[in-house]
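K.L.:
Add chain B to chain A, keeping to what the hints say.
As given, the protein sequences belong to chains A and B, one line each in that order.
This note's numbering applies: residue 3 is where the first sequence begins, and numbers increase by one.
This note's numbering applies: residue 102 is where the second sequence begins, and numbers increase by one.
What the hints contain is simulated information worked out from the structure, not anything from laboratory work.
These figures come from a predicted structure and were not determined experimentally.
Any given hint could be a false lead.
[Claimed, not checked] With a straight-line Cα cutoff of 25 angstroms, these simulated SDA-like cross-link-like pairs (lysine to any residue) come out:
| # | chain 1 | residue 1 | chain 2 | residue 2 |
| --- | --- | --- | --- | --- |
| 1 | A | Lys-97 | A | Asn-161 |
| 2 | B | Lys-210 | B | Phe-126 |
| 3 | A | Lys-10 | B | Arg-428 |
| 4 | A | Lys-10 | B | His-159 |
| 5 | A | Lys-10 | B | Lys-185 |
| 6 | A | Lys-10 | B | Val-314 |
| 7 | A | Lys-10 | B | Met-433 |
| 8 | A | Lys-98 | A | Pro-85 |
| 9 | A | Lys-10 | B | Asp-430 |
| 10 | A | Lys-28 | B | Glu-285 |
| 11 | B | Lys-438 | B | Glu-285 |
| 12 | A | Lys-159 | A | Ala-171 |
| 13 | B | Lys-210 | B | Phe-404 |
| 14 | A | Lys-28 | B | His-159 |
| 15 | B | Lys-185 | B | Leu-248 |
| 16 | A | Lys-24 | B | Tyr-439 |
| 17 | B | Lys-438 | A | Thr-12 |
| 18 | A | Lys-24 | B | Ser-144 |
| 19 | A | Lys-10 | B | Gly-152 |
| 20 | A | Lys-82 | A | Glu-125 |
| 21 | A | Lys-28 | B | Val-137 |
| 22 | A | Lys-28 | B | Pro-332 |
| 23 | A | Lys-10 | B | Leu-427 |
| 24 | A | Lys-24 | B | Gly-152 |
| 25 | B | Lys-438 | A | Glu-125 |
| 26 | A | Lys-10 | B | Trp-437 |
| 27 | A | Lys-97 | A | Lys-159 |
| 28 | A | Lys-10 | B | Val-137 |
| 29 | A | Lys-139 | A | Ala-110 |
| 30 | A | Lys-98 | A | Tyr-128 |
| 31 | B | Lys-210 | B | Glu-285 |
[Claimed, not checked] Examples of chain A residues toward chain B, derived with CB under 8 angstroms:
| # | residue |
| --- | --- |
| 32 | Ile-16 |
| 33 | Gly-22 |
| 34 | His-29 |
| 35 | Val-32 |
| 36 | Ser-34 |
| 37 | Val-35 |
| 38 | Gln-38 |
Think of the CB as a built atom: it goes at the ideal place given N, C-alpha and C, for glycine as much as any other residue.
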Amino acid sequence: MIMKEYLKNTWEGIWTVLVGMKVTLKHLFVPSVTIQYPDVKMPLPERARNRLYVNMDDCIGCDQCARACPVDCIEIETVKALPTDNLGVTSNGKKKALWVTKFDIDIAKCCYCGLCTYPCPTECIYMTDVYEFSEYKREDLIYNYATLTAQEAEEKKQNYEKFMAEKAAAKAKAAAAKAAQAKTGKPDSTDKK
Amino acid sequence: MYEILYNLTGNEIVTYFVVAALPLFLVVLPFALVAVLAERKVSAHMQDRLGPMRVGYHGILQTVADILKLIQKEDIVIPQADKKLFNLAPYLVFIGSYAVFAALPFSSKFIGTNAEVGVFYILAVSGFVVAGILMGGWASDNKYSLLGAMRSAAQIVSYEIPTALVVLTLVMITGTLNLGTMSEQQTAYFWNWNILGGAGEGIQQILLIPFMVVAFVILFISTLAEVNRTPFDIPEAESELVAGFHTEYSGMKFAMFFLAEYANMFAVSAIITSLLFGGYQSPFGYLGNTLGIPALIPFEQLFWFLSKGIFFVFVQMWLRWTLPRLRVDQLMTVCWKYLIPYAVFNLVIVGIISLI
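Next up, chain A with everything else stripped away, as it sits in the complex (with noise of 0.2 angstroms):
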């Protein structure tokens, strides 16, 4: 008995290793499922979500994704576009009414939920299918997605506080010849009381 096991193990010792071997042998035949990756790249799913882009043409600064965004990697700052300005129209035909000074993202923050591209009214922030942007520095990582410079974007804060003040000047103005008109026009109004 204990004999007959004995020889059953060492069947069974060598004929599993020879099943084992037959296996890998017909896995060395069989073609990589690996690809070499920087050469090759894997088709990404339709849906994919990876870096964040803005098509600064459609955006018309209505600060919705900002608020969407549950990390707060969107930064966006606006100023009121003056009657006189031509901002033109987004493509699907909305008139742009603000200067967007400001529209930075933090990618390094980005969680990539997607919950920025769904209020957008334009769908001028979209998700795209890169996904190799690694940086050496942090601050490297924060788009800076405004077409305005700087200098521009000040100009256009110094204009419209200007249009404001003029605007507020010609409303004090036109209150105080109001108020001048509303003295001369009823004079005995405050005696009466």
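P.N.:
Using the frame of chain A, we list chain B on its own:
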């Protein structure tokens, strides 16, 4: 070989040096260069990967790049180490595996020493490897190194017994300890190889075949264990012992261990070849004989010897990527409870057959 060189140079010492260095530069170094890459490629393809692909075409220069890197590496000797032994160990291991090459018959004209005790010399000199491994493990002052070294010593000492018994079996039927003579006896065609009963005649040869196959299996398993290869790599056991006895080694000393491992792989394959698979003999007769150029024959023999050796190295790699590592108790069970009894019975039966 020796005579030719002696006539060429006319100086005994120079001749000895050249003969001693030839296997190193002609076989061991190129073999290690190829085998390291082959190991990675074979393992990769067996796992449906591609392996190194970037240095040269399909990564053929990967080993060269690795060696360049190893040469540049800092040679770290930890302060707690026993420096003398620590520095000596890798060279001792390499000497142990290189000394085996002296008795290997690469071709009928190219054998380091034609000593009559060839196989005995090989069995004896491979003991150097154990000493070197123990030395390295002890001097490293690292528990994993020591554990690996102890395991390695236990393993090599145990597995030398079935190896020696099988070698004895073959010595019995061939009647010589000299590997060169043994290869010579298994002349030309493959039916004269010892695995197919040797160059004997009639009933004896046919009766020997099954026992020679058993001898081959035992010899292959026990030599595989002696060179510490998977599935018998418990001295190195990456997942348990970091890297076993060479955990603390870096740079060229590590490379020395690595080189010794690959030299050892080829050496045991060459021993199996010489003992059972006709040594340097071609399986189909020689082209030199057919064409009438006798000078071609030694080179053909070298080719056959190396191809057979490399084939068995491939089988070792194949096994490495097939089988998981044995536990220590399983390792000892395989040796003491299975290989040794089978080897003894084999020895007895072959003895009886050779009396017929």
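K.L.:
Where does the structure disagree with the numbered hints, that is, which hint numbers, in rising order?
P.N.:
Hint check: 4, 5, 10, 11, 19, 25, 28 fail, others pass.
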